[in-house]
Amino acid sequence: MANIKINGNDHSLDGLDPTMPLLWALRDHAGIQGVKYGCGVGQCGACTVWIDGIATRSCLLPVAALDGQTVTTIEGLATNALHPVQRAWIEHDVAQCGYCQAGQIMSAAALLEKNPSPTDDEIDSAMRGNICRCGTYVRIKSAIKTASASMVASALFYDATSTEETPV
Amino acid sequence: MSHDNKTLNNPDRRDFLKVSLGLALTSTGGVSVMSLAAAEASGTLNAYVQINADGSITIYAPNPEVGQGVNTSLPMIVAEELDANWDEVVCEAAPIAQHYGMQFAGGSLSTPMRWDELRKVGATARTMLVQAAAQEWGVSQDALSTRSSMVLHAPTGRATHYKNLVSRASLLAVPAEGSVVLKTPDQYQLLGNRVVNASAEHIATGQPIFGIDAKTPGMVYASFVKCPAIGGVAKSANLDEIKALPGIIDAFLIEGTPGPYNFDIRESYTTQSGVAIVAKDTWSTFKARASLDVDWDLSAASKDNTRDIEAQALKALAEGKVDEEIERVGNVDDAFANAAITADATYTTDFVSHAQLEPQGVLVSAATGKVEVWTSSQTPVFITANLAKLLSVSPKEITVHQVRGGGGFGRRLSNEYVFEAALISRKVGAPVKLQWKREDDMAFDYFRAPTYYRLQGAVAQDGQLTGWKNLLAAASADGKKANYGASYRPFDFPGKVIKNVLIEQSFVPSQTPTGAWRAPISNVYAFAEQSFIAELAHATGQDHEAFLLNAIGHQGHIQEDDPASLNTTRAHAVIKAATRAAGWGRELKEGRGLGLAFFLSHAGHIAEVAEVSVEGKSITVHDVWVAADVGQVINQSGLENQLQGSVIDGLSTLAAQSISVVNGAVVESNFDKYPLLRMPQSPRVHVDVLNSGYSPTGAGEPALPPLAPAVCNAVFNACGQRIRSLPISKEGFTVV
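Those sequence lines, one after another, are chains A and W.
The numbering of the first sequence is our numbering, which starts it at 1 and goes up by one.
The numbering of the second sequence is our numbering, which starts it at 169 and goes up by one.
This is chain W alone, in the form it adopts within the complex (with noise of 0.2 angstroms):
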């Protein structure tokens, strides 16, 4: 995702009470009534919040849910300043319409981008419950207090719960956005505690929530088959043959676009070529592709060998070649003459592939001019404009409903696989349900892109980190620029702390396609960077943690107007705290290591400490020590659970996956190849978090990018030797 911070900055949708104030009304069960101005102004009826008739409050998340928690914790914002009984909270996920405003999940933002703007709508509904307290009973509002869904009025000691109250509110104005107080942090009631997410008994009884098992009558099933050389077309098929199979009902071409294909989340609804069969039921499409034969036209197919790719991007490393400079800060050429100790190293990450445990699937009825999407996508908000112009219908035509995803890591951005269903609903007349095999997910995905960091350091005689030299090679399509994820974003550190910094470019040719997974370019850069970083310090003979807090230094907010912008107090304190958990310096046994890592990204400021001892070349990471500052704590359940995630995802990823290509096709394609980590190798995981009294920030990514190079430092303390490469199999290591 973009991590354009003004985002952050400007929640915008200045206007949003005006048109989307949500205090609707349920008397036996429908929603009948709301504000009278929201309406009028929106004309439509939508809300937030609503107070149905037996007590309950029904709050809907704005945000799609792909397992970061976000189901339950923006109602939990809305709850709070609504002073509702959290017992009596119903989350549901919101329609998808325009007055929701951004609905997507991605660049950890829908907390930060929705904390405004909830705490004002649950503060603006219990404003008016009050104000309708108070006509009632003909007192000030000044003596009328809430709690627990309930108005009180202390002198009289009358009491009412909110269900009572909304016939009468909802007839009210919205009161004047400047006239609503917001609580302050420390009457928070709700914020802060361990809430079980709103999904956990239906998950633990295996109710049937989640996009592939979205039904409609009539539906019938499809699987696509597209060119295993990426961006080939379809140019003809044994389609007769397989329409003669049992259950088949069609099978026919899908045009396509040719390759090569970029991660155009909003602007994008073409899809690529390939074969859809449609039958009875998911085993049967399954089954007839074993007897599919297609002769595909590969003049636009991809023709990316990994291994090239790589050597290419060595070789680039190692002339100096340079295509673009990025970035300059000072004099690096002075910096380094005056050196007293320089160091040089080049790390490399493979492509990998998000693996998200549900494939991608869609539920689309395009078969009339009425269109319906039931999809687990992170961006519904950009599936109607697209549908409309592929299928050309008017966008009004088309509803689409948020599933909850079986996992997202940025995979569900882009929704090609929705196109495809909707191509195919339309030929065949009938609702599609499509249905990816584990290995249509892992060959056409847009993958986590490859990277390859030759950093240089310049250290001067009193210790100080003086000069930063950073030249990356980029898988780049067109020579021009940068493949999604392939290069550097210009981070606050090194650029606006080190006093001389070099950062340049050099492209290297590459078609397969890539996209954002979890913490796009952070994921990889950090651990080129903290792995330096640790370089020097043992170059130096300095303690890790001491270079890296005189590195990092004592600026402060670098960027006071950008939540986003590194702050070297929040920095320090996460660091120390990581370190003292794990008792940093501490002795330890032979061929165990101590390993630290820092880093900022998504707002996020994460330290990590992982303990490992290695055998040979086998590594048992014991514990993870994980230090989080994302500002004011929501749920913290369900951010524990975020930074536990974040670092088994990071040591599954580092251990051994790797995306490797051959002649443009992928050869990777099931976990037997692509394995994700298991309980036996999973470390205990012991969470910190610093309450800094920031504003929320997102917690799905920024705790994933510090785990790998806490781990190879580690790895190095243990026992010498320096990990330059991602996954860690390359080298020899395994996780066990």
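Pulled out of the complex, with its shape left as it was, chain A reads as follows (with noise of 0.2 angstroms):
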């Protein structure tokens, strides 16, 4: 049966049905509710988590499918500081319900990672499966665009700094 490395830390999913979407599973047997249900058909994206660091819908993906995979989560993004997209969304106050929040952030800090600067349309293609039904897209824009600029930010000190042989 499944083993998973949650978050980090490993999971045995021994005993669950192996039809089991992660979705439930992470709700209901490792306690991790960041993610949430919305459609069950992967029409929606609240219930957005990263398989090996690539967005995915949790809803329709069998657990039995997943052994030896890493799962991070909501809970799992912020490691000793909170990631720019999350630092962004309060910032910008994006929230109004809520519930799509953690998967459209899941979207957008996997879209970042790999393209820390991208344009309009590539945030739009990339955000275009999560579905915020109070309508907060106009934050969700911006907020995307006030982390990428962060992120584009810190690199650069990275890389200046690590030139210098600056400790970090």
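Calculated from the structure, these hints are not laboratory results.
Just so you know, these numbers come straight off a predicted model, no measurement behind them.
Backbone N, C-alpha and C fix where the C-beta goes; we use that ideal spot for every residue, glycine too.
Incorrect hints may have been included.
Covered by chain A, per the in silico footprint, the following chain W stretches (three or more residues, Cβ under 8 angstroms) [claimed, not checked]: (1) 440-453; (2) 805-814; (3) 872-879.
The two chains are supplied separately, each in an independent frame; assemble them into the complex guided by the hints.
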């Protein structure tokens, strides 16, 4: 049966129905509830997590398909400090009801980890799988741009400091 | 929700301060003491304000939070009058208790209904802290001031934090209501600022704060399967087979009540009939449903077909069939006989679902005499009494916890899912987490009603709108009165503005349940009215804005004693602000258009201008300019968010959302057939908030109604095609 790493910790999913979607394994059995149920058919994106770093809908993914893989949820996104995307979400006061936002943040962070300076079209394309019923798209887009600027700036900082061999 | 304007005028509960003044104290964390007078009067330790030993100040938000931001804005009102340091304020949801009054979220009323009350709470607490400081220092109260959770004595330079004064303050008598002075708006330090929502960090880090996240020891999971043809009754099912499936704890029928179902949020405690499946986890309940075979008694089930409803409605309107007169002013026959130009157009809208992103769900523990409920209800205030009747227990044995909801939009006003879970919990003898599937949520909604308006207008030789007729076809379960949201409510415009008005209705049979959907009636009627105004302007060769301003006229505040009534000065101001921001009248490229609409609902005067481009049947909405007057701004950030979100919601709904019904059963089951707007379709939204100096009114609803007519007027301006049906996909249009 599946053994997976969730937010850095090893988990055994022994005893679970192998057809159980990761969403419900996380919520009902692993005690990880930031991931949300919205539609169950991969349409809304509220259940978005990272599988080996790739933003994935967890509501359609059976746990049996996951052996040896690494799952990151919203609870595992911040390491020492909040991820720049999380900080930007707070700064822009993005959320209304907030139910979709964990999924939005996981999609946005996955985009920026790959492409720190996306164009508007690239943002649209990466985020089209995440529905916000409250309609916070205007702020989501602004927050992604703020996070992008922050990630680019810190990458430059690290580049600059590393060439000067300054301890970071 | 009902739109009883009296609620705005009379925030009632005059004895409020006596029974619930909140100045509770904590020494080491727990609530220990509060004002003795308040405690004596109420017999309860309730509080809005709790000053903690570490200097933090907990302020309780009494009304449910489903995304409208009152968890932050209501405490801000208290904090303003208290002169609390906002950085030290902790916002918490209040318990559900009688002394908190009407704990519900509907009708955009949370802010206006609490405005006076919460200001007095803050000001009274501040006064008592000042009195305590005066006693402690032996100085006159008049020499003291407050700022940022501190009392200051300027002559001596003494200053102390509120936390040092609570013990003494708690022994003081509550000041008489008239002796407490409220601030004037020019003194506000906090209200009107941009304040980040109190739950923003919890949301961004995935904390388990939603209804779906509630847990209690020993809980089991349940799914409840109802009759696809709404109102049918479960006769039997293959329960033994279901009970043998992996993870299943129990399966049983719930008798329920046959249809049709009224939208009765205050008194009803009935559930629909169905089959409960209880299991050790959510997935096991969902999976077992695929094996479930139910024999339904369809005798009471709805026989609705949306095609028939629409055909009958359009026939009634074409034939001029009238069952009831709603409003009559002046003499419309004369107005139409003397008109230079008349117009006649029929507008329709379909059933729509709320589609709040968190499907209905609840945790109820009703195994024993002590009942506990964790719910994201918009009407927790109505749960206790009804649940007591359903379970035959004393209301005193019921505790209701309000938990953040993943969207509301009116869906969470009815509590039938709470009653379902209570019955299941009682039967299995364990706390039950009931989770509706998305498919349940879409099939068993109290939908926005379909509407059919035939509008006729008469414009006199001088270009003035002098006659207005509206014959509407209203869905009706009994043929005697309209189903919820299917009819018309006399608005100030046109009824109190245009000289000759006749509103009549014809009933068409429908049993599909309908209820309050964000800005009920206004959300559909505004589309018809504001589109038709543009049609009349065009037919008479007038500029739309000029024609609209002229039609609204200059009467001023139409009912002075009613803050929710039309104020033509405020209407003109928002219309002019929106058109100015959008550059109304500027040259546009081929295929581009601007469209304007104004509507007053829930006391909010809102104008919107949309800029679109149309290629064939593909519509791109580029920008929407919103000008809003909802009185005093509480939280600028929260308000702008509501206004932006209302625009997106309006566009989402007009594009392609339609619930169809065949033989009483809903056809669309999920977001693949019931699409919500996605980011690539989303326009830029520019918000201009006009601070008119009026008392604050709610912002969750009023910016939605003008969006559809603004966009459809822009489409006409761009390409000459007049859209008269929502969703616009019915006329072959798509939003790209």
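**Request:** Closer than 8 angstroms, Cβ to Cβ, for at least three residues: run that test on the segment 805-814 of chain W against chain A and report holds or violated.
**Result:** holds (count 7)
**Message:** Under 8 angstroms between beta-carbons, do enough residues of the segment 872-879 of chain W, three at least, approach chain A for the coverage claim to hold?
**Reply:** With 0 residues closer than 8 angstroms to chain A, the segment 872-879 of chain W misses the three-residue bar; violated.
**Item:** Coverage of the segment 440-453 of chain W by chain A (three or more Cβ within 8 angstroms)
**Value:** holds (count 4)
Of the numbered hints listed earlier, the single one contradicted by the structure is hint 3.
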